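2 protein chains.
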Amino acid sequence: MTEIPKNHPRYESLMTREQIVAGVENGMTSRQGLIAQGRGEAFDYLIGEKTIESADYAEAVAVCLLLLAENPVISVNGNAAALAPAELVALSQLTGAKLEVNLFHRTEERIQKIISALKENGADVVLGENAEPLLPLEHERAKVERDGIFDADVIFVPLEDGDRCKVLADMKKLVIAVDLNPLSRTAQTAHVSIIDNLKRALPKMIDMIPEFKNMNEEDLWEIVDAYDNNVVLVDAIETMKENLTAKQNEILGIENDDAGSKKEKPEDPRKAGRIQRNAEIARKVLMRGGDLMME
Amino acid sequence: MTEIPKNHPRYESLMTREQIVAGVENGMTSRQGLIAQGRGEAFDYLIGEKTIESADYAEAVAVCLLLLAENPVISVNGNAAALAPAELVALSQLTGAKLEVNLFHRTEERIQKIISALKENGADVVLGENAEPLLPLEHERAKVERDGIFDADVIFVPLEDGDRCKVLADMKKLVIAVDLNPLSRTAQTAHVSIIDNLKRALPKMIDMIPEFKNMNEEDLWEIVDAYDNNVVLVDAIETMKENLTAKQNEILGIENDDAGSKKEKPEDPRKAGRIQRNAEIARKVLMRGGDLMME
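Just so you know, the sequences run in chain order A and B. For the first sequence, UniProt numbering begins at 1 and goes up steadily by one. For the second sequence, UniProt numbering begins at 1 and goes up steadily by one.
It is possible that some hints are incorrect.
Which copy? The list can't say, so a pair holds if one copy fits it or any two copies do.
Said to hold, decoys possible - Only pairs whose alpha carbons sit at most 30 Å apart, straight line, appear in this in silico DSSO-like list of lysine-lysine: (1) K143 to K241; (2) K6 to K213; (3) K50 to K166; (4) K6 to K143; (5) K172 to K247; (6) K241 to K113; (7) K241 to K172; (8) K199 to K6; (9) K172 to K6; (10) K213 to K113.
The set of hints was computed from the structure by calculation and includes no laboratory data. Just so you know, these numbers come straight off a predicted model, no measurement behind them.
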């Protein structure tokens, strides 16, 4: 491991990177999984690196669905196993969902390593070894177990490949996805899209289980029926736009106000000119004025 | 290499991933570099995977600065070398800028592999082997050559670590960065921030060189003096917001109009209800109405 100085401004993000690199080194995570992790980092940054209210709502609905399901299955890939093995096992045990390893870059060695990691974290049974190519996909994610993903009515797919998500939905299974990118095919295709970091989402879901376990099926269905995934997607995108606007204001020296209106800081007389110039920039960009560019 | 079926909807993106994975396999690119690549992919998607007008402008100014500089240096890391070695060498030869390898996750083996790759692509001299810890940084990027980065007046830093970018700027060097993330410390600190994919930016810059080489220094300085990096940053963020809005409208079934106004499609009577419902969602999200969420 490369040593990262503690005073590096991105120490935590870099340390998480080191941890997922360790996942590659011990054979669970694919190298392509590192790139997927990077994409997630970028979207997490845009969402504010916290669980937004609409994601919390989606997490609650996901828990209801897992409790209502007759044969719920949690699909585990190399990134999920590296990031939150104990939480995946806890979710499985508390909701009665089966665990099944399913990989895009499948090798039997990786399957075994991930099964071992989940068992070390308390899992009793982990499916995935005896998978057959039962899904209409041309890649390795087609391979699922007949009693697992193939027969599931509700599937929880953290960090999913969009291609398979669509196939599962076409098979009339209810799909719950965890994906920080609200624009991804996975997020657009799933029935419940949790736009949150898996490491934040799972503990929150686990905390919610006792409350929902005390409710009757009718009340759980009422929560599920009232849910609209489009609200969650549009809300996550709106949050990103708000954070981007705040950054624009920061660059232009305009104070961000909670009420949404923009206040300018005129204290420093030297600043006044800068603010005026920056307001001009903002105007040009918004108008996409031709004078912005050279010929 | 895992075989990717050609009909996979993200075939090209996945193939690029395979290529950078190959960079890791041959020892040039660090595993952490794969995560950085993933972050770049996400921001490239948000910018529309094309060179926006303001990035084209920044690229032109960058070429002017490289031509005006007395001791310009191109800093090369493992990702840049894996993605565009020939273009880096061409930029160096056409502007007279030196090439220097500088790595965050530095090993002498990686330095040698990258130097070899650049020489295989036609480079004559590549600095980086005889680097000393001359920059006030606690990590390996402190190591630079005295005649190279340490003495440079203009530095071109594709895919940069934000930490070093600040140190270089503090040393009164003019820094040109290529970074798809307009919010990064690198983009915020550099004097010229090219918010573009390195693989698109370099060929464009190379194409511009003959035109600017024919201009006199005074005219080149005029272009440089008129440049305002804040315009470029704010414009890139604005583009991302526009693309996010387009995606929101797509989710809500609202047609995106070039003129910016939103047209609704009322043809299908069954659709009318959906559009009305989705308009209601849009309103709630924008108001962040409490009724969006459960208790």
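Results of checking the hints against the structure:
no.	hint	in the structure
1	K143 to K241	neither (38 Å within a copy, 39 Å between copies)
2	K6 to K213	neither (43 Å within a copy, 45 Å between copies)
3	K50 to K166	both (27 Å within a copy, 27 Å between copies)
4	K6 to K143	between (43 Å within a copy, 19 Å between copies)
5	K172 to K247	between (42 Å within a copy, 25 Å between copies)
6	K241 to K113	neither (40 Å within a copy, 41 Å between copies)
7	K241 to K172	neither (33 Å within a copy, 34 Å between copies)
8	K199 to K6	within (22 Å within a copy, 33 Å between copies)
9	K172 to K6	between (49 Å within a copy, 26 Å between copies)
10	K213 to K113	neither (33 Å within a copy, 58 Å between copies)
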